[in-house]
Amino acid sequence: MIPFVIDGQLVEGREDANILEVAVDAGVEIPHLCYNESVKPYGACRLCLVEVVRKGKSRMTTACTYPVMEGIEVFTQTEKVQRARRMIIELILAMCPGDKLIQDMAKELGVQQVRFKQEDKDCILCGLCGRVCEEVVGANAIQFAFRGDRREMLPPFGGEAMNCIACGACVVVCPVDVIKMKEEADERTIIRWKRALKMKQCKVCGNYFAPWFQLEKFKEKAKLPKDFFDVCYTCRS
Amino acid sequence: MTRSEIDAMIDRYEAKESSILAILQDIQAKEKYLPREALELVGERLRIPLNKIYRIATFYRAFSLTPRGLHEIQVCLGTACHVRGGVRILDRISTELRIRPGETTSDRKFSLDTVNCLGVCASGPIMVIDGHYFGKMSPAQVKGVLDQFDADKRESLNGKD
Amino acid sequence: MGRINSPNELEQFRNEILSKRDPSQPCVTVCGGTGCHASGCHQVIDAFKGVLQTSLKGNGINIRVTGCHGFCERGPLVVIYPQKILYQRVKPEDASKIFEETVLKGKVVESLLYEHPVTSQKIVHEEEVPFYQKQMRIIFGNNGNIDPTSVEDYIAVGGYRALPKALFTMTPEAIIQEVKEANLRGRGGGGFPAGLKWESCRKAHGDIKYVICNADEGDPGAYMDRSLLEGNPHSVLEGMIIGAYAIGAHEGYVYVRNEYPLAVVNIGIAIEQARKLGLLGKNILESGFDFDVKVSRGGGAFVCGESSALVASVAGEVGEPRAKHIHLVESGLWDRPTNLNNVETWANVPVITLNGAKWYTRIGTEGSKGTKIFSLVGKVNNTGLVEVPMGITLREIVYDIGGGIPGGKKFKAVQTGGPSGGCIPESLIDLPVDFDRLTEVGSMMGSGGMIVMDESTCMVDVAKYFTNFLKDESCGKCTSCREGTKRMHEILMEIAEGRGTIEHLDLLEELGWVTAEASLCGLGMTAPNPVLSTIRYFRDEYREHIINKRCPAKVCRALLQYRILSDVCTMCGRCAKACPVEAITGKRKTKKEKGEPFKIDVEKCTKCGMCFETCKFEAVEVE
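Residue numbers (our numbering), protein chains in the order written: chain A, 1 to 237; chain B, 1 to 161; chain C, 1 to 623.
It cannot be assumed that every hint is accurate.
[Unchecked claim] Computed far set for chain A versus chain B, every beta-carbon distance over 12 Å:
#, residue
1, E29
2, M69
3, N140
4, I142
5, M162
6, E183
7, K200
8, F209
9, V231
10, Y233
[Said to hold, decoys possible] Result set (DSS-like, lysine-lysine): computed pairs, CA atoms no more than 27 Å apart in a straight line:
#, chain 1, residue 1, chain 2, residue 2
11, B, K136, C, K203
12, C, K554, C, K122
13, C, K616, B, K136
14, C, K91, A, K57
15, B, K143, C, K203
16, B, K143, C, K20
17, C, K294, B, K136
18, C, K604, A, K55
19, A, K107, A, K80
20, C, K20, A, K117
21, C, K587, B, K30
22, B, K143, C, K294
23, C, K324, A, K40
24, B, K143, C, K324
I should point out that these hints are in silico values taken from the structure, not numbers from a laboratory. Think of the CB as a built atom: it goes at the ideal place given N, C-alpha and C, for glycine as much as any other residue.
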């Protein structure tokens, strides 16, 4: 365990930990959007900025990507940090004025007004959906495309996400809740990725419990017997 | 390109994942764009998921997912060319051909792109068509240069190059 | 010549080459650099070939197409040996005259000589041309002496002398020490001491290490690396081999941007040639050292000039940079220790190896040793590539070498460092050029682009131009850079189009601050520089745009008014014909009609400037 200091408080973290996760465990609040413990730290939103003093030099860095090191001093509430955080959330709010979470965070961080022309995007480009899809699920259905201010999370060629197994992980992980899923009779749709999949019916209870395509993928990957998913999870237990 | 041609090209690069950029550049050079089928095949052979390939194809300016024109025009908008009026050259071409940067004429004769620096700064403003460089351009010269490449209007090819 | 198996054999080969060359034999050299290419050098080359073929006396006279000479403004450039007579702005029709008069009779063709702008004196030899006088072309000089596709030419001028010295008489540590003592700082823009980088890489854990040459040269207005790689690729290669030996790397990559096809070809040829001679590959010169190089092409992304993005691109990914606290020298390409240096930095290595750090440190200032190649472009008389000792002043570069501002216009600023740099105003024109001094005044050395601006350049427009560039080139990952450059550009557009408010200036400064502090990589961190430096030195110009809705330099179209002077107008009607929106009315003067002066309808006018350009009588006024 590696000891270091956050806001004057002595803490310790595992060797491969980052500052943000140690801070969260220690009860120190650092606002963040693109960090989620199920995937690798990304450092896109820039909200978790902190000042780190190491070997006498101070630098501004994102807490989620900075590894814990012995002897570092982390400051989460300096004036510089607060000023930067306020501007960042104001920029995100200008991009996505309709997102409730962003509105709340902005209010909390003291943003009184948005001084930029408001756009009407909803996605904050945190990348969590794509990262989960790649690192956790392995479906690789969506990815960032284009660059700069044209950056967008899309399925290839922008149409239907052909690799999507409609597991719903992206729906759950999106911090601003802009990926919606609906189920109607025997069909589940991930609306944002234009993916509608037919569901399989349980041989025992008759409920539609998961998309065919998804179950086929699981059987393929885990080399399961053909009839493995004929009975749903509930009925099996 | 046929499937076997693409396969052969991938083999030349030993189907290495890191050669994806070079492979896409070769396809772009031959086809003047990246056809979807080609990308799907490359993804299969290199074992790269299609969403990653799409990401690469849209990130780098060298690639186009829609067919480019027969003649590709590039106008340099690097700082030196900008200071020497590069935007005026671009505007004149846009007016003549009725297309904006990134677009192709409806008859597929010309496509227009801007480039952020071609490295010919001392001779700016620069216009390049099909690899032919035209330096020290002025808006008045644009039509003459374009006509050289328009087969219908061409009389004799006596370029500045 | 097949594989060379020892330093002695290499020297023998060199002597063989030299013995076959007669320096007194006439030779026609034509600059084949891209600048001259755009001015039509290929037709000049073809013309000479034609003349030599058809003339009975053409036998035995060589034509050599060389690398870039640097004096791009005056291309196509031809130098006749053995007298080293320089002809400038040569046309294909001049070839036969040059052949008859100079090559055969040794006489000078006066009309093609460079003429001194002040004394009107005709100058015969290249070195005497004022453009070259204050330069110190220790790196770039050989470009004009060699055909870049001939390894024999490179060897004939002393190339591949440093390599055997390094491999056979110096230890890797000794080489690193030499480079450290020479204080070779990265020429790509960062200015980081190369020796320290090499040392860290050598010490890093792991048997597999890489060296990379960054030839992405994305700064618009900078083309030094292009000319070096196209014009003298072996010099870069030799530097890389020496560096790899010092670091302990056996594999290298040259990452060339997509927009430089000729550079890709020429470095490819050089690599093949070096391999054939055994100067690259397994057991180089039988020293026991293995090293080989591959060429990797960029895909058209400025951000790939950033080290971590470049490394990602070589690995076949998108050029998204990663956090800076993981050093490339410890974990870079494929997580292995990687040493990345710029083209010009590598080209300095053979020079330092051969001549030693003591010699090298005699050139330059305390903190910046050696020379720097700049691309001097924009509103300056002698545009081209110049190599000068560090410490020379901006005034000397712009006036003594550059020949001052064309058209008698007034100097306004010099932009250095590309999109990461800033504008330096006239008050600082006596600034000695070196890494630290440039950073102190709010700009930076950058890769070497030096863009001269005069009174007809609008600084608001310059800031707008750069933020537009950065906004397009940003990879888009981090909020601060993506949104920061976007919003800075948006505000600058407002100002340039007459909708600026005084609060905008404060907002720009605040946005700039956040973009610099919060961004992930160098692109974002330096993105505000063009904006902040122009506000710093040209605040009044911004205020003029905001308060008086005026663009003093007459560049920002929305703030211009086009007017036809009725007493100058000849009523020819050309302007009305040229106007794309039919905003000009009047009556043409003919034999029968008296005519009426033409007038512009200000409401319809789109400020395109066509009328201004079309009028042959200067009757259109812009204000």
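Earlier hints that do not hold, by number: The structure conflicts with hints 3, 4, 5, 11, 12, 14, 15, 16, 17, 18, 20, 21, 22, 24, although it agrees with all the remaining ones.
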